[in-house]
Structure formats: structure tokens, C-alpha cells
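> Given next are the chains, with one letter for each unit.
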Amino acid sequence: MSVKAPVAAPVPAKGRPRGGLVRDLVLLVVFAAILVALPSVLRSLFGQASVSYLSLAIRAVGLAVLALSWDIVARTGQLSLAHAAFYGAGAYSAAVLLKLTGAPIWLSMPVAGVVAALLALVLGAATLRLYGIYFAIASLAFTEVVKVIVQSMPFSITGGTVGTNLPPLFRPVFVAGEMERWEVAFLRNQGYFLVYVGVLVLTIVISLLIQNSRLRHAFTAVRTNEFVAGVMGVNPARNKLIAFVLSSFIVGMLGAVEAHRFGSVNPDVTFSVHTTVLALVTPIFGGLYTTVGPILAAGVLSGLEETLKRVLSDGYLVAYGVVLVVSILFMPRGLVGLFKKLTTRSRTQSGGEHDG
Amino acid sequence: MDLSLLPQALISGVLAAGLYALVSVGLALAIGVIGIVNFAHGEFFMVGAFFAYQLFVSFGFDPLLSILFVAPALFLIGALLYQTTIRFVLKAPELNQMLLTFGIGIILQNLALSIWGGDPRSIGAVPYRAVGIQLGNVSIGLVPLGSFVISVLLVGGLYYVLARTPIGRAMRAVAQNRIGAGLVGLEVNRVYLIAFALSALLAGIGGVMIAVIQSPTPTIGLAFTLKAFAIVVLAGLGNIRGIVTASLLVAVSESLVATLLPNGDSLRNAVFFAIIFATLVYRSWRKL
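If you're matching them up, the sequences are chains A and B in order.
Under the numbering used here, the first residue of the first sequence is numbered 36, with each subsequent residue one higher.
Under the numbering used here, the first residue of the second sequence is numbered 30, with each subsequent residue one higher.
A portion of the hints provided could be inaccurate.
[Stated by the list, open to error] Here are the in silico distance ranges between beta carbons for each label pair: (1) Val-181(B) - Ala-138(A): 40 to 48 Å; (2) Pro-291(B) - Asp-303(A): 19 to 27 Å; (3) Leu-290(B) - Val-57(A): 42 to 50 Å; (4) Val-361(A) - Ala-307(B): 33 to 41 Å.
Worth flagging that the hints you see were computed from the coordinates, not collected in a lab.
For glycine and all other residues, C-beta sits at the position ideal for the given N, C-alpha and C.
Use the sequences and the hints to build the structure in full.
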């Protein structure tokens, strides 16, 4: 960033521990190590049942990626309802790349990320002067436009309204006599789980780098008051664009992996507004503008969702609506805020900070 | 392109504009008076449609009759939601307000999904559904015509209320200056409550009509939220008077695209989103 004047945050940056980035990265390494070891641990503990536990873990990690990447945009005060667009763009670019060219399968994820980031650059550049509700509405409309464009492309490219298929990333082979049937499913899930964890680690690193650099203050300034930020020498448009492009790159990659895992893309499913809903409810529940909040909430919510899906087949998202409304009304700072409140109750409360 | 379809497309567009105006004017009321950007507005519309459907299935109520039940029901739902949730975020950051209404929308939509399932439902068996008037090569269905007339009456009624009645004056006063209105003795919170409930009521009546015109599913709400936003944004946020013109513009262009372009029906929705997007981007670049 080439901000000339020292970046002044309207809100004093409190709550950052001395250790800063180094401490955070050490914690991340520990967290990642636990996740990498998780499949083997589950396997030795639960045997065959570990396959479905691993599926649940994949869902949780995917949700964490979705939530944390959305939070990065929210840090600049933008309510993005276009997450489904970038997710879908990633999924479709992976599908189209593999369908039309002989590209190696592992190229699909970076390509998907880049396509989604470029799309974000276009949307961001067009809308960078919009703020508040105007941006929210424009981003929601953008999602539908992208979906309609994908639908109306020739059948030989995107498969129109039907969609198209993708090869799986992992094809474990069943060897009779050496392994049991369920181990094939286990190996497949393990492969995907590790890829998801890789994307999550990348997301966390990006988030931590933002939180420990001047970008954190720039984002906060833009969020708190765009005009004041501009006066202080923080370029609101540029910062919003940085957040938007980074976030979309991540979610584009996630879209690609999920498309491989599901085996197909389809306009209605891939661009479903559910993706956007999940992306925004999770960080709000966990605690906006934090790295830990969205990840924590993803764990809690994916467990909750699994239970609810069995009870309410069609309308399980109602739980997300309730969580959203309750969080906004009763704990606008999420689980992290709640936790902080409980631990710092004895000390003096720092009034005046208003993160929204 | 078949130009002989032009008159038909224009008429259909104008008739559809009535319903759009009815739904959008409610949203404009919520935005203009209360300052709440209601992402759940289309869900009120959807709830209205499914209430009418249920009244028809359970008791055989004619949709015209069910308006008399759906309207107060939606008014109550709106009032209840305002009293239990919206009221508390009036002074909160805009992000929180939008997220709250988005959450309410998710709840309503998924409640409807778990009650009625995801299949399209319609009130198909009303005797006048297939009746129409033939004028040359233009045919006008009785149902679209009826919904147009009802919408015009309701939107006109709202304009009258805003212009001439005490509560309308109060709403305009609160919209202009909340503190000032409070200082001269208006019960601001009560005015907000009525405005929000009225906004839900108007959307609900629109929903009753869509249940006869189309076969809605519980997910129809979001599309109508977006359509209403397109119109409200085109009219200028908070501008209630511009809604009629904006509705005509949007509905007629939608109808023209759907009728005249090859493969137009699938592009129908794209018209709305393109309009929203273009208007927003154009305004943002002109303003600065």
C-alpha cells in the first residue's frame, strides 16, 4: 500500500496482543497440525463411522473458509451479497477449463481463484463508489446476472440450465484383500479434507496478515467512516477493492474444490443464495472482523445444521435465520464478543467502540 | 422479432406494472419513512400468496375474499416484527439493519418451505381464471386486468392517505425529520409501526394476486424483493411518487424482452438485474 500519511485509525487498535503475527502464526501451525492429524485419529477411534465424521469435518472447514473470506470484505464495511457469484464462478471455471482443455486437474483450483478474483475486480471497479445498501443491492443483482449469463452460454460450454460434470480430484482404488470397502470412501474424504484444510490455512494466513498490517487500520477507517478515511489519506476505493479481490480469490477456489467433490455444477445449485446466507450468518454469529470468530462459528453451526437437516428436510436454513436475527439483536459482536465480555467483566469496560 | 406482438407486449407490461407498483410502494414506504432497507419485503409478498392458497384449499375462499383476511394478517405480522425486532435496530449501523431484515427473510422463506414444500402452488380452480377480453389481436386476461385495477386503487389510496390524512401527514413529517416530528408531539414509534405494518400489508395483497396469476413457490420472495428494489432504486431511494413511473418502465421493458427477443423468457429476470445494476452504477458515478 502506498498510503503517504501515517494511517490513523479512528478506533484505537485495542485488543491486539504483543506477540502479534508471530504468536498467531504459531497458533495456526498448531491448529493446522491438529486438522491434518484428524482423519487418522478419527479412523483409529471410530473405524467405518469415521467416513461420515470426516464428511461433517469437510463441511465445517468449507463453511469456515466461506465465512472467513466473507468477513474480510465486511471489514471494509461492505455488505456483500455476491459471495455466491464468486463461488459459482470458481466452480464453473474449473468445470469449463477441464471440459474444454486438457489442462491437468490440479490447475483448476488456482485458475478458479484467479477467474473469481478478476470478476471481483470488474464488479468492484464498477461499484467502488457505492456504499451501504447500494452496494448490497448491486451485489445481489450481480449474482443473478452472472447466473443468467452462465445459463445462457452455449450448451457445449456450460451445459446451460442443466449444468455439467467434473472429474473427482481423488480416485482411490479398491484393492481386494488388502482393504475394506469403506476405506475407499475414507481415502477419498481424507484427500478432500486435506485440500479443504489447505484452503482454510491460506485463508487464515491472508486474514492474519491483514489483521497485523496497516490494512487492518485502513479497513477499519473505511468501515467507520469512508469520507473521514478519505480525508485522512486512506483511499476507500482501493482498500475495498483489495478486500474484495482477496476474498473472491479464496471463495473461487473453494467453489472449484466443492465442484470436484460434488462431481457437477448446475446454475441453480451452484449460484444458490444459500451460499451467500451461510457466508454472512457464520461470521456474524462468531464475531465480525475477527479471524477466530468465523472459524469457531463454522464448527458450531455445521454441527447444528447436521442435526437440523435430519429434523427439517426442506427448511433447515430457518435455523440460520434465527441465529442471524438473535445474533444481531442480542450479541452483535458474536461468540468472540460474548467470550471477551465474560473474561473482561471484572476489568473496566472500554466504552465507545462501535464495530457494528 | 415479431412486431405484431408489440401491442400485446405493451398491454401485458402495463398490466404487470400495477402489481409491481403495489409491491414496490410498500418497500419505498419502509425505506422512505422508517429508513429501514427491508430485505424481507418480498417474503411478505410470498406469505400473502401462500395464505391465500391455504384459504382456498382449506375453505374454498375466493382470492378476492381472502384479501380481506390476508391484509389484516400481514398487517399484524408486520406490526409484530416491527415491535419485536426492527424497533431495536433503528439506531444501529446500517449493516446490522440489513442483516436483521435478511435474517427475517430467511426465517419466513424457510418456514414456508417446511410448511408447503418447494413445489409450485396455485389457485387454479377459480372460474374466471381463463376468462379474457379479445380486442383485435390483443387479448387481456380478466385476472391480470383485475389485479391491475386493485393495485391502482390501492396505490392511489396510499397516495391519498399520505397526502390528505393525519397519519399520512405524520408519516411524511417523520420521514423528513424524526426528531422534529417528535418535538411537535408525534408518537414517532407508533408512526413507524403503522408504516411498517402497512408496507407488509401492501406486499401481502400483491401476493394474493400472484397466487392467481402464477404458481408461486416459497422461494419467490427473493425475486420480488429484488424486483421491488430495482423499482425503488430507479425511482430514487425514499421517493414514493416516482414508483409508478419506475414500475411502468421496468414492467414494460421486461414484457418487451420476454415477448420480442428469441429465448426472451429466460432473459426476463436479467432485465431487472441489469436495470438495478446499471442504475446504481450510473448514479454512483454521476453523483461524485
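> Next step is simple, just say for each hint if it's right about the structure.
Comparing the hints with the structure gives:
1. Checked against the hint of 40 to 48 Å, the pair Val-181(B) and Ala-138(A) fails, with Cβ atoms roughly 57 Å apart.
2. The given range of 19 to 27 Å is respected by Pro-291(B) and Asp-303(A), whose C-beta atoms sit roughly 23 Å from each other.
3. Distance hint check for Leu-290(B) and Val-57(A): the Cβ-Cβ separation is about 60 Å, which falls outside the suggested range of 42 to 50 Å.
4. At roughly 37 Å, the beta-carbon separation of Val-361(A) and Ala-307(B) lies within the given 33 to 41 Å, and the hint holds.
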